[in-house]
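Protein chains in written order, with the working numbering: chain R, 8 to 178; chain P, 394 to 849; chain B, 302 to 565; chain E, 40 to 408.
Just so you know, the hints here were simulated from the structure itself, not pulled from any lab data. Glycine included, each C-beta is placed from N, C-alpha and C at the ideal position. A couple of the hints might just be wrong.
Below, computed lysine-lysine pairings styled on BS3-like, alpha-carbon distance capped at 27 Å [stated by the list, open to error]:
no., chain 1, residue 1, chain 2, residue 2
1, P, LYS783, E, LYS173
2, E, LYS46, R, LYS168
3, E, LYS179, E, LYS46
Chain R residues, not near chain E, derived (Cβ > 10 Å throughout) [what the hints assert, rightly or not]:
no., residue
4, ILE56
5, VAL85
6, ASP124
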Amino acid sequence: MNLTVNGVTHEIESSPLTTLLDVLREELGITGAKAGCHQGGCGACTVLIDGEPRRSCLMPVGYANGGEITTVEGLGTVDDLSPIQQAFVHHYAAQCGFCTSGMMLAGQSYIAHGGSDDAEAIQKALGGHVCRCTGYSKIIDAVAAAARGDSFDLTETAIGKHTTMATGGAE
Amino acid sequence: MKVVGARIPRYDGVAHVTGRTTYVDDVRVPGTLWVKALRSPHHHAGITRLDTQAAEEIPGVHAVITWQDVPLLEYGHLSALGIPADEPLLAKDEVRYKGQPIALVAADDWEIAAEAVSRIDIDFEERPAMLDVRQAFDPESPEIHREGNWYKHFEDEMDRRQIRKGDIEWAFEHADTIVQGVYRPAAIEHAPIETQTCQVVPEASGRLTIYSCTQALYFSMGVVAAHLQVPLNKLKFVGGTTGGGFGGKVDTATETMCALLAMKSGKPVKWRWTREEEFLCSSTRAPWHMELADAVTKDGWILGRKMLTLHDAGAYSRFSPYGLTKHSFHHTGAYTIPNLQFDGYVVYTNRTPTTAMRGFGVTSVSFATETHMSRIADVLGIDPIEIRLKNANRIGDTSPNGIVYTDPSTVSTIQTMAEAIGHELPADYRTMTSEPRTGALLPEHLVAQTANPEEH
Amino acid sequence: MVMDAATEVLMPSSEDEAIAAFGDGTDVLVVGGGTIVVPELTYRRLQPSRALMLGDAGLSGIEKDGSRVTIGAMTPVQELVEMPAPLGPCAANVADIEVRSQATVGGNLCAGEGSEAPRGDLQGAFLAVGATARSAAGGDVTEQPLEEFLAKRGERLLLSVSFEEPAAGAFAGLDRPHTHDYTALAVSGARAADGTLRLAATGAGSWGARLPSAEAAAGDPAAAGEAALEDVSPHDDALASAWYRTKVLPVLVRRVLADLKEPA
Amino acid sequence: MAKHRGKGIAAIEYPTGMNQNGDPSQAWIKVKPDGRIDVFAGTADIGNGSKTIQSQIVAETIGVPYDWVTYDNSNTDSSPMCTGTFASRATFVAGMAALKAAQEVKVKLLEIAGKELEIDPSDLEIIDGEVIAKGSPQTKMNVADVAGAATFGHGELITGTGAQLKPYAAIIDSETGTVDSPPHSAISYATCAAEVEVDDETGQVQVLRLQQCYDVGRAINPTQVEGQIEGGAMMGLGLGVLENCYPYYPDVENRGGQFGSYLAPGMEEMPQIDTIMIENPSADGPYGAKGIGEMANNPQPPAIAAAVYDAVGVWVTELPITPERVLRALEAKAAGGGEPRREGKKVVFDEELSVNTVSSGGMRFEVPA
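Please model the entire structure based on the sequences and the hints provided.
Quick look at the structure:
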């Protein structure tokens, strides 16, 4: 079997029943996809297989044989962040960061399939991903901004859509 | 000021979005052994036999540890606060919750470790479980610890946390209405997306490098050093980057055991909890049982509060005495109640030990007292915002244990919210402030609790 | 958690090969999309000596022959979501788009009982449309009513399901707190072209159940709702109690019947 | 089928730092020969953003650009003691240690600059990486040059250390709970208004909107504060209507062992969340900050409980407010029950849950009539 991960082709030795996640992390040492549950329940391990988002912890590598895999490492580099990565920085959509790669890849696929900045549509597309830190709102903002094609100032973060700042209170 | 107050992106934001942040599970050390635990299948049982020989003999198994391998088996996480130890690192002769670790195996891969765990020879003698805090005090209930079913080591060896303020009898005598209710928030999981993970590498220097997802590097280092009975310079904790914690990664649930396995095997070891272990065996936010009775007047003053709290600690005390004390200090919420009688108990049950979680000790009491406040408003037919403003704590008021409030913003946060939701307040409520009480806001029953003006 | 190679993996490339590889089904684990069995393998709760991976066996696809619809066992659940009720909304209620796109109709229908939550979300919807199951064992291929197949679903290899397009259909389920949560309870209903009404529930018992008593009382939705309770034996699990399911099943039956009344 | 809407409110307070204090945090800083600032602290960043916050505090305090600061919390060999990231202490307590270390660095930088510029250090200030003579801005020296002079001219290593410890507040009377000093640092305050929709046939509660107002003291990084408040709101929503390790509490059976059966809030459950931040600076926190991370999941459950009552007229006081609990309460109400027992001036709710009802002895909750 072989997999092309972020443009590099690897021969795979693991059994076809091994999860794609374990092949990526343990056989190939590519650690961007995270093992959040190994149950398909959290989405931290989501990668793109031929452009489609899939839970790599549910995917027997035998079913991904010959496929083009994109992990977070394939989205952009530190010096050249992809739009969705820029959006996640600018909108403060990552806190602990553990769900982030799965969220971004699902968002990337949503946008690649023509997804708009409509919050409900984003919620539906990314709905299976769990984030325990952010309360989701800034993740949705980030995906929406990337879907719109916003350009991002990476020296500061965006004010939340529903935030009001007050000083000193009523006293 | 330019930097403070600025919306600067996360220090580690670019690392997060490029997958370059190194969590413990991403650390790669060649030759690392995988760890699996033998955990109790029973809620409560005696261990009548424990023999690991068959597991040790499996090829690929490099170390098996039980309680016998732990230099200091019981160490109280809050010993510095005078809270004694009651929990063994690995169960010795008794298991008190389902999922309690008994033995651990380090092997060449996870499957061998799992196989070895299944070969550990162990017998249990099941005992009845005690699960309902409301029955813990019944003499016929199953006994969890030899000293009983509740923690007995508060100051002066009191068996409860107590708060007394003012004259509770007077308050209930003078009340127009007494509103009584029971509040029971549930146990919940922290459920960080990163499960508990630890990697330990024995170094040539004789030190141990412990890659940890702990929320508290030095705290956890202290716990490991105590169990191992080594000085701190024997250990190096590497971490500071945690895939979510919410309180659950203060427990130091993996580090000591991994250190022991690394020492015994002489090899690097790694233990990553499965999501099932995280959900079924990791400590939780505690369930609480709270009974409240407030003595109130018909125009909405709260004269006094009686409260009983049973904190369902699970099988061991861990941080519960601390959490209950914090709870007791905040049992009036954002209000000034001059007459108080609070009694709280840390009650053991045969469930997973509970621990700190976001809002520790106070999340529960906020739910109880604020729901109760809404009920009081409803019973009295008073606007729920006005009754809150009326009883709000103000500068110069004192907390349940007599501390002076210096800059409360209860009044302004409530007024701001009233405005935001379009709730029109009468003029006197709209113009209230947190300044020290005078006039109509200083009825006779609130005089005694206010601090001497020189104190604030 | 890298799997070792102790399990012999069979990857047939045609239906015939799949039938042959399955044999009489002894000690062979059928892997459809993998979304249910892969975690079981990862956690070693399943340690089969042989695994049959059906991905290349050509069992995927939806075919229409007049009003008869045939769905291959390896068709991803996601491909059903645009179908009319009850199948479409029922399929859309399975997991999230990523899992749905990998999960298969066959895998979902053949799911074993979940210990913590109901499995087999699609069983109710397919029972409601009166589906038949084409399956194989020991080289013998037969077609039988889905109910009969489900009763012994561990023993045969499901190849496809077929049904006549209903004249009307409806689906009512409980909301899920997070799209990966399993369906606690759902009711599917369909009226066939000949007027036959079928109702079925998912989550009200060990697996999908027809609700014949409710069907018989369908003229009076309130009575039908209550009658449905005679057809099921709900139990407690992590998602809902038997008590709650007993209370809400009649509600969902009523909602389905109300939907079926309205012109499509 | 009928869906009913309701609104409820709650107001809360929450302290900063460990209860009864006694929880040290420390930091140390060294200055590189080009003036760049290396901060070492033992505070784990659990997603809360303390790396960023403490770096901001250090940059502000010394007076250098934010990107001059590196922050290392990676190990216990190089970083000093920090009790940890919990009790809303990472900004307030640990941030104060970083601030003190930065103040010490600033003093030393000004001393060296004073020698170089032959100006009394008290007449100098640091703005945006430049040491400037007060009132004479053309007289200045870049911090990089000051650090170079310290290293290569004066033979000095510029460092700063900071330690924050509020002494342990002991309980001096176990009967009354009286303490010998304030057992906490700044208290913060918040209110939450919840709007819900309740289905009276299935009992399902949908949280439609959470409006929240927080006194944050001072937002060192307003976006990160929003992140805490929004994330806390969803966790509070989970506490209020979804999450439960023991669905049959006090029974321990049927625990959910996976995300498919443990009801953590998902993206589609997200209500509209509106946040109002009030800045009422604390007296003793860094730049007036308070710790608001933890309290962020406290006000929603009681606000939701009141909103459910407003919607369908039943109080559910066991969390979470599950569909089953709502239905049971509605059934009790329909059967003419569910009302509090009234006896004289007493109004007694939830009697069936009380220890007085369940316990056969030992524990009573006696309330005078």
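| Can you list which hints this structure breaks, lowest number first? | 1, 3
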